[in-house]
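One-letter residues, chain by chain:
Number of protein chains: 2
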Amino acid sequence: MNWKSEILAAQQRIAGYAQVTPVMESQMLGDPIEIKLEHMQHTGSFKARGAFNTLLSSDVPPAGVVAASGGNHGAAAAYAAQTLGYPAKIFVPELAGPSKIALIEQTGADLSVVSGEYANALTEAQAHEAKTGAMQIHAYDAPATVAGQGTCFAEWEAQGLQADTVLVAVGGGGLISGALAWLQGARKVVAAEPETSCALHAALAAGEPVDVSVSGIAANALGARRIGSICFGLAQGITSVLVPDAAIAEAQKRLWQAHRILVEPAGATALAALFSGAYQPEPGERVAVLICGGNISPDPL
Amino acid sequence: MNWKSEILAAQQRIAGYAQVTPVMESQMLGDPIEIKLEHMQHTGSFKARGAFNTLLSSDVPPAGVVAASGGNHGAAAAYAAQTLGYPAKIFVPELAGPSKIALIEQTGADLSVVSGEYANALTEAQAHEAKTGAMQIHAYDAPATVAGQGTCFAEWEAQGLQADTVLVAVGGGGLISGALAWLQGARKVVAAEPETSCALHAALAAGEPVDVSVSGIAANALGARRIGSICFGLAQGITSVLVPDAAIAEAQKRLWQAHRILVEPAGATALAALFSGAYQPEPGERVAVLICGGNISPDPL
Chain Y
40 MNWKSEILAA QQRIAGYAQV TPVMESQMLG DPIEIKLEHM QHTGSFKARG AFNTLLSSDV
100 PPAGVVAASG GNHGAAAAYA AQTLGYPAKI FVPELAGPSK IALIEQTGAD LSVVSGEYAN
160 ALTEAQAHEA KTGAMQIHAY DAPATVAGQG TCFAEWEAQG LQADTVLVAV GGGGLISGAL
220 AWLQGARKVV AAEPETSCAL HAALAAGEPV DVSVSGIAAN ALGARRIGSI CFGLAQGITS
280 VLVPDAAIAE AQKRLWQAHR ILVEPAGATA LAALFSGAYQ PEPGERVAVL ICGGNISPDP
340 L
Chain W
40 MNWKSEILAA QQRIAGYAQV TPVMESQMLG DPIEIKLEHM QHTGSFKARG AFNTLLSSDV
100 PPAGVVAASG GNHGAAAAYA AQTLGYPAKI FVPELAGPSK IALIEQTGAD LSVVSGEYAN
160 ALTEAQAHEA KTGAMQIHAY DAPATVAGQG TCFAEWEAQG LQADTVLVAV GGGGLISGAL
220 AWLQGARKVV AAEPETSCAL HAALAAGEPV DVSVSGIAAN ALGARRIGSI CFGLAQGITS
280 VLVPDAAIAE AQKRLWQAHR ILVEPAGATA LAALFSGAYQ PEPGERVAVL ICGGNISPDP
340 L
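Chains as they are written, first to last, in the working numbering: chain Y, 40 to 340; chain W, 40 to 340.
Hints listed in this document are in silico derivations from the structure and should not be mistaken for laboratory results. None of these values were measured; they are calculated from a predicted model. Just so you know, not all the hints are guaranteed correct.
Identical copies go unnamed one by one, so any copy, or any two together, can satisfy a pair.
[Stated by the list, open to error] With a straight-line cut-off of 20 Å between C-alpha atoms, the simulated SDA-like cross-links for lysine to any residue are:
{"id": "1", "residue 1": "292", "residue 2": "147"}
{"id": "2", "residue 1": "292", "residue 2": "336"}
{"id": "3", "residue 1": "292", "residue 2": "144"}
{"id": "4", "residue 1": "292", "residue 2": "146"}
{"id": "5", "residue 1": "292", "residue 2": "73"}
{"id": "6", "residue 1": "292", "residue 2": "338"}
{"id": "7", "residue 1": "292", "residue 2": "141"}
{"id": "8", "residue 1": "292", "residue 2": "337"}
{"id": "9", "residue 1": "292", "residue 2": "145"}
{"id": "10", "residue 1": "43", "residue 2": "96"}
{"id": "11", "residue 1": "227", "residue 2": "281"}
{"id": "12", "residue 1": "292", "residue 2": "140"}
Bound conformation, chain Y alone (with noise of 0.2 Å):
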């Protein structure tokens, strides 16, 4: 596969439906880290970009389209839909939490809650695709999928981009690889997932993807029982740091206090690797932070 060209023409196809979300420099941890608001993007999080790549690339039949989802996907997966004209249909497990089910009923999605983890929420998904002919994108193991999310990384570098190293959240990834797909040979590309849910680490440990317990507080983001295949290739020999759920909370408070930005843990793992020292930058590295998802419960609103 010729990722960079991939990610290219799904750049140009996703023009005008995904949002440039903007980026920043910040002193919060001392060092300058650049920032990338990810969170701001349509629904909350990158997947509209994978999203609105797998519809535009598609022939989507009349079933329209299906996803299992932990909530961000689901979110955007109905939002391109809506927004391009097709039914959707979205599985989520109980744990995507209300604030996310809320997210994807305001779409006018049809929602299925599902119990138990992500893996049963997909279940589900293939089941409805195998019957009704729906299309299926899938969260984060496909081409169109990954080429989308890699528009994330093709855009911050038009933006400025110069970190030696880019810290990336990792779940089933979609997100990494996209990032490991446009920048790989030019920069540095670190994975941090929490020690609660990491399938990448376990499968990096054990040399093929492994199914792992999923649990702790960004569960419903980062989740994945098991790595996706794509991810597995591309991430082979990569830096893989394990952040414990405290830094993740911790990371949420100080980018409320630093610069306002109120994000779901997921959003804030890359940045608590950093700074709970799960990842060390050499002297002088320059390191830069995706800040993934915002999909937290606004409760003064």
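Starting from the known structure of chain Y, arrange chain W on it as the hints suggest.
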């Protein structure tokens, strides 16, 4: 006063102290709107610019600095003083609310909460200044404050601002003075005030600064009893619009829904002027909105 050179001098002075805040383009209301995310400034509002410029251009006395504030200016003055190593005494009215009061306390400043509205806190601050010799940092009606706030617009133009018209929320008038000082002649500047706190609108109608009553959801940031004299001078002939509190609350919700931007009512007031129809752009008129403050309690954290 040569405002342009004052603002350029301020920009050099505060570089490295004030945050360069990101910009974005949003289609949340259909036609693209340029937005500057100034609520991501240190202490959550543009006020840090004026506070740093004042301290960095002054001989600060041993008694340090004193400020009266609805909350945002006090936090900024306290933060700037702490950063530069000066003692700070801050007076806030009760209506500043717990999250802004906590923000000021975190800086280590000596804080007094005064009953009633902003004007009472200003009286106390003036008494403290007379008694101790501390340097007053006025919240809006001082040249160094205005020049500092003006750097926000110089920065925005350097970031590629294209709009014909820039909408700015008005309380005591420091921010819009900075906007007018930098932009007037080149772009249209529109003042947006809550119906419930509209010192500039009342002054323009009366032909002179007059006292207004102050209430409503944005009062702790925009509730100045009387517009500053610098602002009144600069604002002659500008477009001034009033926004109902309900539209401000709705704008807060829409900013969250569209872009996961969580702001206080003042921060959403300029946007509210647009979608409530209080300000109606001409066909083809390109508009920009400054998001000026984000100090609301983020309950999930």
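From the Cα coordinates, with 20 Å as the cut-off, is the pair residue 292 and residue 337 best called within, between, both, or neither?
-> both (14 Å within a copy, 9 Å between copies)
Could you figure out if residue 292 and residue 144 sit no more than 20 Å apart (CA to CA) within one copy, between two copies, both or neither?
-> between (28 Å within a copy, 17 Å between copies)
With 20 Å as the alpha-carbon cut-off, assign the pair residue 292 and residue 336 to within, between, both or neither.
-> both (14 Å within a copy, 12 Å between copies)
State whether the alpha carbon distance between residue 292 and residue 338 is at most 20 Å within one copy, between copies, both, or neither.
-> Cα proximity of residue 292 and residue 338: in one copy and across copies (15 Å, 11 Å).
Pop the pair residue 292 and residue 147 into one bin, within, between, both or neither, using alpha-carbon distances up to 20 Å.
-> between (33 Å within a copy, 19 Å between copies)
Have a look at residue 292 and residue 73 and pick one of within, between, both or neither, based on CA distance no larger than 20 Å.
-> The answer is within: 18 Å in one copy meets 20 Å, while 28 Å across copies does not.
Check residue 292 against residue 145 for me: Cα-Cα at most 20 Å, and say if that holds within a copy, between copies, both or neither.
-> between (28 Å within a copy, 14 Å between copies)
Could you figure out if residue 292 and residue 146 sit no more than 20 Å apart (CA to CA) within one copy, between two copies, both or neither?
-> between (29 Å within a copy, 16 Å between copies)
Intra- versus inter-subunit Cα pairing at 20 Å for residue 292 with residue 140 = Classified as between; 17 Å across copies, 24 Å inside a copy.
Within, between, both or neither: residue 227, residue 281 at alpha-carbon 20 Å | within (17 Å within a copy, 51 Å between copies)
Indicate which option fits the pair residue 43, residue 96 if close means a Cα-Cα distance not exceeding 20 Å: within, between, both or neither.
-> within (16 Å within a copy, 50 Å between copies)
Using 20 Å as the alpha-carbon threshold, which applies to residue 292 and residue 141: within, between, both, or neither?
-> between (24 Å within a copy, 14 Å between copies)
Violated hints are absent here; each numbered hint is respected by the structure.
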